[in-house]
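Visitor: Residues per chain are reported as follows:
Protein chains: 2
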Amino acid sequence: MEPLPEALRQFIADARVCRIASVRPNGEPHAVPVCPVFDGERVYVDVSRTGASGRALQAEPRMTALFDEYDDDWRNLKAVLLRCEAAAVPADRIEDVWTMIRRKFPQYGSVGWEPRLTLSLTVYDWRQWGILEAPQYQPE
Amino acid sequence: MEPLPEALRQFIADARVCRIASVRPNGEPHAVPVCPVFDGERVYVDVSRTGASGRALQAEPRMTALFDEYDDDWRNLKAVLLRCEAAAVPADRIEDVWTMIRRKFPQYGSVGWEPRLTLSLTVYDWRQWGILEAPQYQPE
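Here the protein sequences come in this chain order: A and B. Positions 4 to 143 (our numbering) are the ones given, in order, by the first sequence. Positions 4 to 143 (our numbering) are the ones given, in order, by the second sequence.
Worth flagging that the hints you see were computed from the coordinates, not collected in a lab. Errors might be hidden in some of the hints.
Unchecked claim - Computed cross-link-like contacts, DSSO-like style, restricted to lysine-lysine with a CA-CA straight-line distance of at most 30 angstroms:
(1) K107(A) - K81(A)
(2) K107(B) - K81(A)
(3) K81(A) - K81(B)
(4) K107(A) - K107(B)
(5) K107(B) - K81(B)
What the hints assert, rightly or not - Ranges of calculated distance between the beta carbons of each label pair, as one might list FRET restraints:
(6) P118(A) - R12(B): 31 to 41 angstroms
(7) D95(B) - D42(A): 48 to 58 angstroms
(8) M4(B) - V20(A): 43 to 53 angstroms
(9) E9(B) - E136(A): 37 to 47 angstroms
(10) A94(A) - R119(B): 44 to 54 angstroms
(11) A91(A) - E117(B): 38 to 48 angstroms
(12) A94(A) - P109(B): 19 to 29 angstroms
(13) E136(A) - D42(B): 30 to 40 angstroms
(14) P28(A) - E117(B): 35 to 45 angstroms
Stated by the list, open to error - Residues from chain A that keep clear of chain B, each with C-beta distances beyond 12 angstroms, as calculated:
(15) M4
(16) A59
(17) A62
(18) L69
(19) D71
These figures come from a predicted structure and were not determined experimentally. Note that the Cβ used here is the ideal one computed from N, Cα and C, for glycine as well.
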C-alpha cells in the first residue's frame, strides 16, 4: 500500500465522526457512526460488544472506515476511505488507547461510558477524493 | 416491519447526505457517501456503474443506508439505519426519479452529471436513536 499522505492523516486525525462498514455473519452489510482516534498508524473505535459491528468481527475482520465531509457546494466534497483489518485491542494496550480516546473525546467521561469492544483498524488500502488535489468529486 | 414513524421519514427526507454500506463480491464491506432522495417509501441514490457499490449489487442486493447527524454534545446524536434491498431503478421509472433528484439537488445540473446507476433502496428493517424519544445514544 502507498503510505497515507500527511494531508489525509491530518484529515483522519481531525475527524469527530466516521462511519464503519462491516459485514454481519449472515452476509449483510452494516454501518455505524463512531468517534475515531488515529495514532498515525491505526484507527481506534469503541463499539458495542453485542451490537452488529462487534458480532461482525467474529466472522469477518475486514471493515471499512469512511471519513467524509459533505458540503452543498460539491466542489468541496471530501472523503477518505480506509480498507482495514479490524481486531480487538489487546488488554495490555487498552489503557494507552483509552488515554488517546479520552483526550480527544472528553465526552466519554461526562456520559460515563466505559470501554466496550475497542477495535484497532489497521489500514491495508485507501483512496480519497477532494483532499489531495482535484477539488472535484471522483466517482467511486 | 413496523412502519417508519413520521419523524424518521422527515429526518430521512431532509438529509443532504447519507452513507451506503454494501458488500463487495469478495465479501469485504464497502461504504460511500451519497446524496439521497426519499419518496416516503424508497430511498434513491445514484452511484457509479463500475464502482464498488455498483459491482456489489450484482452479488449482494442487501445494502444499509445510514442517516446520521453528529454533534459534540452527545445528547444530540441522531441516526436512522435502514436495512434495504437494493435494485436498479427500471428504465420506465428513471425520469420520475431524476425529477425528484434534480429538485432536491440542483447541483446535479451545475456539475453536469448524468444518471449513472440509480438505485432504489426498499427498506425491510430499521432502527433509530436520538430522534424519536430518548435523547441519549443507544449503543447499537
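Visitor: Work down the list of hints and note, for each, if the structure agrees.
Guide: Hint by hint, here is what the structure shows:
Straight-line distance between C-alpha atoms of K107(A) and K81(A) comes to about 22 angstroms, which keeps the hinted pair within the 30 angstroms bound. Restraint check for K107(B) and K81(A): satisfied, since their Cα atoms lie roughly 20 angstroms apart, inside the 30 angstroms limit. Simply put, K81(A) and K81(B) have alpha-carbon atoms about 22 angstroms apart, close enough for the 30 angstroms limit, and the pair holds. At roughly 36 angstroms between alpha-carbon atoms, K107(A) and K107(B) are farther apart than 30 angstroms, so this suggested pair is violated.
At roughly 22 angstroms between alpha-carbon atoms, K107(B) and K81(B) fall within 30 angstroms of each other, so this suggested pair holds. One distance hint, 31 to 41 angstroms for the beta-carbon pair P118(A) and R12(B), holds here, with the actual separation near 36 angstroms. Under the hint 48 to 58 angstroms, the C-beta atoms of D95(B) and D42(A), about 52 angstroms apart, fit the expected range. Between M4(B) and V20(A) the C-beta distance comes to about 27 angstroms, which lies outside the given range of 43 to 53 angstroms.
The hinted range of 37 to 47 angstroms is satisfied by E9(B) and E136(A), whose Cβ atoms lie roughly 44 angstroms apart. As the Cβ distance of A94(A) to R119(B) is approximately 47 angstroms, the hint placing it in 44 to 54 angstroms holds. Evaluation of the 38 to 48 angstroms hint for A91(A) and E117(B) yields a pass: the beta carbon distance comes to about 45 angstroms. The hinted window of 19 to 29 angstroms between A94(A) and P109(B) is violated, with their beta carbons roughly 53 angstroms apart.
A hinted range of 30 to 40 angstroms for the beta carbons of E136(A) and D42(B) is consistent with their spacing of about 37 angstroms. Between P28(A) and E117(B) the Cβ separation comes to about 39 angstroms, which falls inside the hinted range of 35 to 45 angstroms. Consistency note on M4(A): stated as away from chain B, and its beta-carbon is indeed over 12 angstroms from all of that chain's, at 15 angstroms minimum. Not every Cβ of chain B is farther than 12 angstroms from the Cβ of A59(A); the closest lies at roughly 8 angstroms, contradicting the non-interface assignment.
Not every beta carbon of chain B lies more than 12 angstroms from that of A62(A), the smallest distance being close to 10 angstroms; the non-interface claim is violated. Non-interface status of L69(A) relative to chain B is broken: a Cβ of that chain comes within 12 angstroms, the nearest being about 4 angstroms off. The claim that D71(A) is not at the interface with chain B is violated, since a C-beta of that chain comes within 12 angstroms of its own (minimum 5 angstroms).
Checked against the numbered hints listed earlier, the structure breaks hints 4, 8, 12, 16, 17, 18, 19; every other hint is satisfied.
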